[in-house]
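Student: Residue strings, one per chain:
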Amino acid sequence: MSGQPLHTPADHSRVRLPSLAGLFVQLVLTMAAIHVLAIEDRVAFSSYFSFLLPLGFLIHSVLPLRFRLPFFVLLTIGLIVFIFKLAAALYLLVAAGILIGVCHLPVPFAARVAILVVLATTLGAVHAGAIDASNRVRVIVPALGAIFMFRLALYLFELKHEKQSPGWWTRLAYFFLLPNPVFTLFPVVDYKTFQRTYYNQPAGEIYQKGVLWMARGAFHFVLYRLVSNYLSPPASEVSSLGPLLVFLISSYLIYLRMSGLFHLVVGMLCLFGFNLPETHRFYLLASGFNDYWQRINIYWKDLMTKLVYYPVFMRVKRLGTTGAVLLSTAAVFFATWILHAYQSFWMRADARVPMFEDWGLFTADALFWGIFGVLVMINSYFALRSKPAPKSLKKREVPWSTRAALGRAVQIGAMLVLMCLLWSLWQSPSVGEWLAVLGRAGTASRSEVLVAAGAAGLGLGLGVLGQFLRHRGLDPLPEHPSRARSRFTVLGTMGALLLIGLWHRQHRLPGRLGEVADAMQGLDVRPEAQMLVERGYYEGLLTPLDGYARHLRERFGTIRTRDKIERPEDFPKDAEAWKRTGDLRYRTYKPNAEGWTVGVPWQTNEWGQRDQAYTKEKPAGVYRIAMVGASYTMGRGVRGEKDFESVLEDRLNEPGAASQPIEIVNCAVTSYTVLENALVIERVVPEFQPDAVFYVAHGIERARCARQFVRLALRLQAELNYEFLKSLVRRARLDARQSDEENLRRLEPYADELMQWAYAFMATACRDRGITPVWVFLPTTERAARADGDLAAERPVVEAAGFKVLVIDNPYLGKPLEQVVLNPWDSHPGESSHGDIGRQFFASLRRQQDALQLTFSLNP
Amino acid sequence: MREQDIHNHLKQFILDEFLPDTPPEELEDSTPLRSGGVLDSIATIKVVAHVEQAFNVSLDAHEMGEFDTLAQLVALVMEKHA
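First to last, the sequence lines map onto chains A and B.
Per numbering that gives the first Met the number 0, residue 0 is the first one in the first sequence, and the count goes up by one each step.
Per numbering that gives the first Met the number 0, residue 0 is the first one in the second sequence, and the count goes up by one each step.
Accuracy of the hints is not assured; some may be wrong.
[What the hints assert, rightly or not] When the alpha-carbon atoms are kept at most 30 angstroms apart in a straight line, the in silico BS3-like pairs for lysine-lysine are as follows: (1) K316(A) with K386(A); (2) K386(A) with K79(B); (3) K162(A) with K79(B).
[As the list claims (entries may be wrong)] Restraint-style ranges between C-beta atoms, simulated for each label pair: (4) F108(A) with G36(B): 30 to 36 angstroms; (5) P107(A) with H80(B): 50 to 56 angstroms; (6) L512(A) with L14(B): 53 to 59 angstroms; (7) E817(A) with P19(B): 55 to 61 angstroms; (8) E25(B) with L512(A): 51 to 57 angstroms.
None of these hints come from the bench; they were simulated from the model.
Beta carbons: idealized from backbone N, C-alpha and C, even for Gly.
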């Protein structure tokens with residue numbers, strides 16, 4: 000079996016040593032920036048590739064050409080063995096061998112297709128859980144799906160018409176592409192293009208393109224993170240034209256994550272000589288629907304053209320060219336719609352296809368592809384009837400026309416608006432909700448209209464300027480940048496991002512700047528309400544919570560030990576640890592329950608509290624505090640004796656610290672908001688006869704309590720019991736048949752009132768029983784940089800209700816976020832942070848004790 | 000039909016339909032047509048429809064993606080004629 004590929008001039012494969020050294024430096028710099036910015040840490044990208052890729056690239060590029068394909072294939076197989084361990088990797092390799100082998104069976108083509116369909120169906124049944132299989136088998140199915148779900152069809156198609164064998168190493172390399180075991184959402188590389196482009200240009204040029212595209216990919220990811228943090232309002236917060244425009248634009252721009260991913264993947268393949276074409280070509284600058292279809296996810300378009308468009312056209316060409324083209328286009332969009340569901344099935348470790356599980360999603364999805372298809376059909380109809388715009392093969396002097404440039408800018412702008420609209424539809428939970436959001440455009444203030452018009456004017460101006468620069472030979476966005484320009488771009492952007500990331504890690508940038516740096520590094524710095532928003536098909540596929548992504552991360556021990564339970568499986572996930580309350584709280588912990596919280600043991604005492612068992616009757620001479628709150632106060636992810644409540648209690652009871660013994664009863668329950676805690680203070684706290692209640696809040700109570708109210712009142716059907724709450728449901732016209740987003744929007748005008756009611760309820764319950772209510776402000780780890788603003792927003796409300804306010808000063812000691820949180824996937828404070836919070840809590844209490852007027856005192 | 004006639008006919012068709020302002024000498028036998036952006040999928044269909052009609056041949060679906068240059072297109076037509 001020869002490793003020498005077809006069609007590859009040997010001299011194309013060589014690169015001079017200085018040039019190779021320069022490329023290596025750029026690659027190392029890019030991987031360092033990717034590591035510091037935690038790009039795709041969802042799948043532990045930098046852990047897998049920081050060393051493997053530069054080293055693999057270096058060895059590969061100095062090997063004789065005939066050894067390169069075998070080296071590439073073996074490198075990928077080595078990665079597979081590392082990811083799955085030997086036994087599961089062998090299952091994968093055997094399954095891959097069978098699938099490829101079936102394509103070569105000496106039986107009729109139709110029989111080979113039939114056998115493959117049977118095998119795929121069997122694998123699908125294993126994936127969906129319809130056939131029992133060991134974990135070793137189940138874990139490899141998403142990887143098998145990622146490798147074979149589309150490429151096998153292309154392979155089989157080309158095999159049928161193959162005139163000359165490209166050699167087995169080329170065949171194997173096509174399936175065992177190095178990034179594929181890590182990236183299951185993978186561009187559908189065309190088999191013929193894959194063969195044809197292998198070292199079809201000088202190696203140095205291909206490698207330079209590879210590094211540039213990887214850098215572009217990383218840059219797209221950073222932009223995506225900024226858009227997702229700062230330009231993605233939830234639909235419920237869209238109340239007028241301004242927020243609506245931001246919402247629409249962000250709906251489209253979050254696709255930057257996909258384009259970033261594909262740039263990374265194809266860039267990596269270029270580093271091994273596969274001179275693949277670009278996957279996206281300035282899709283934001285498309286000037287028509289056909290143009291758009293040719294620019295966005297080009298590999299998908301090529302797949303559809305080869306397997307659907309041309310074959311359908313040839314079958315129905317008797318209808319005439321126009322009819323056949325329209326029918327073929329309709330077939331392409333129907334296939335695209337179905338295959339997106341098929342892709343979702345294989346890629347998701349839970350084998351879910353969300354658009355087929357929810358009628359709202361289904362209609363929005365179908366409508367998106369339907370409208371898109373019809374628009375491309377209309378575009379095709381006119382394209383068939385008109386002469387195409389003149390193209391030229393060589394650059395030639397064309398007189399400048401401002402009018403023509405403006406016309407093109409308007410065309411691009413209009414296309415952008417239409418695509419924003421369509422993408423927002425695709426990402427909506429239902430068509431009704433999408434229409435409801437659009438309906439709010441009518442409520443526009445004069446200033447919003449002016450700003451929108453100004454932004455449109457600026458966009459058009461930039462469009463004309465860009466064309467003018469291009470006309471003058473100063474193309475700001477060249478499709479094929481020179482090597483020097485590529486080098487400069489890589490070194491400049493990756494160097495700058497690396498410096499920012501490193502500086503922020505060491506010294507933490509101040510204030511908002513620090514928050515932006517956090518966002519660039521992948522931390523979620525949005526308000527709580529926005530963090531709950533998940534938008535669209537690709538966001539659903541690229542979630543870090545997917546079982547396959549988790550498996551990839553778990554191969555690296557540093558993450559694995561702290562990463563057993565993630566956000567959606569909030570503790571305690573075991574339903575047996577909860578009991579129904581029959582009131583607004585809906586549920587609370589059972590007494591003497593046991594379990595785990597993010598990998599550490601958890602248990603409740605005989606009263607259902609995560610704390611030592613205090614007697615209900617307060618001992619004589621003791622000052623007792625009831626601590627009320629949610630997961631932070633409960634101590635999610637930390638051992639019971641290490642949470643900040645315990646640390647504070649220990650400090651307070653150190654000899655000579657306080658004027659009398661102090662007990663703190665931890666009444667916190669994970670996920671509770673100010674609403675449930677109002678009931679805790681009224682019904683649970685008094686049983687323990689406390690002198691004071693410390694209600695630990697995070698300054699995001701308004702958004703949390705509105706969302707929770709919708710959930711409690713409409714989804715969980717919790718007993719509301721209070722006339723105010725019942726009337727709120729009526730006044731806000733909340734309706735269980737509406738989506739949560741729509742109900743939240745309706746509740747928004749009443750959110751302040753709801754929070755005020757809950758705080759007043761708490762304070763009254765305390766005062767009636769002679770308990771001092773104290774509102775303790777502890778910002779969340781992610782919003783520490785915004786603490787002043789959050790405090791200023793809620794402090795007047797709680798003071799008006801009658802709370803005394805205690806602010807925990809600098810609870811995280813200004814440490815970088817990654818040192819504060821439990822793990823990259825859970826932003827609750829870790830054990831050492833709980834220690835810091837407890838000590839800062841104590842120090843703040845001592846400093847602010849005069850203002851609090853508690854009946855015990857702390858010694859200075 | 001001679002190969003040169005087919006070549007001239009197809010070259011003229013491509014120039015007329017898709018490159019109206021291009022001097023004939025710029026369209027070389029090896030100029031990438033599809034990967035170079037001259038022919039998109041609709042243009043490819045126009046070319047194929049024209050080839051089938053002008054040369055009375057029938058192309059298979061997979062052959063629509065086989066050619067990227069004028070030389071390859073001419074070779075395809077010649078193969079069909081053979």
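Student: It remains to establish, for every hint, whether it holds in the given structure.
Tutor: Structure-based check of each hint:
Note on K316(A) and K386(A): the hinted pairing holds, with a Cα-Cα distance of about 21 angstroms set against a maximum of 30 angstroms. With a CA separation close to 28 angstroms, the supplied pair K386(A) and K79(B) stays within the 30 angstroms bound. Note on K162(A) and K79(B): the hinted pairing holds, with a Cα-Cα distance of about 16 angstroms set against a maximum of 30 angstroms. Between F108(A) and G36(B), the C-beta spacing of about 33 angstroms keeps the proposed range 30 to 36 angstroms intact.
At roughly 29 angstroms, the beta-carbon separation of P107(A) and H80(B) lies outside the given 50 to 56 angstroms, and the hint is violated. In this structure, L512(A) and L14(B) meet the distance hint of 53 to 59 angstroms, their C-beta atoms being roughly 57 angstroms apart. A beta carbon spacing of about 59 angstroms between E817(A) and P19(B) agrees with the range 55 to 61 angstroms that was offered as a hint. Separation of E25(B) from L512(A) is about 53 angstroms and conforms to the stated range, judged on CB atoms against 51 to 57 angstroms.
Hint compliance for this structure: hint 5 is the single one not met.
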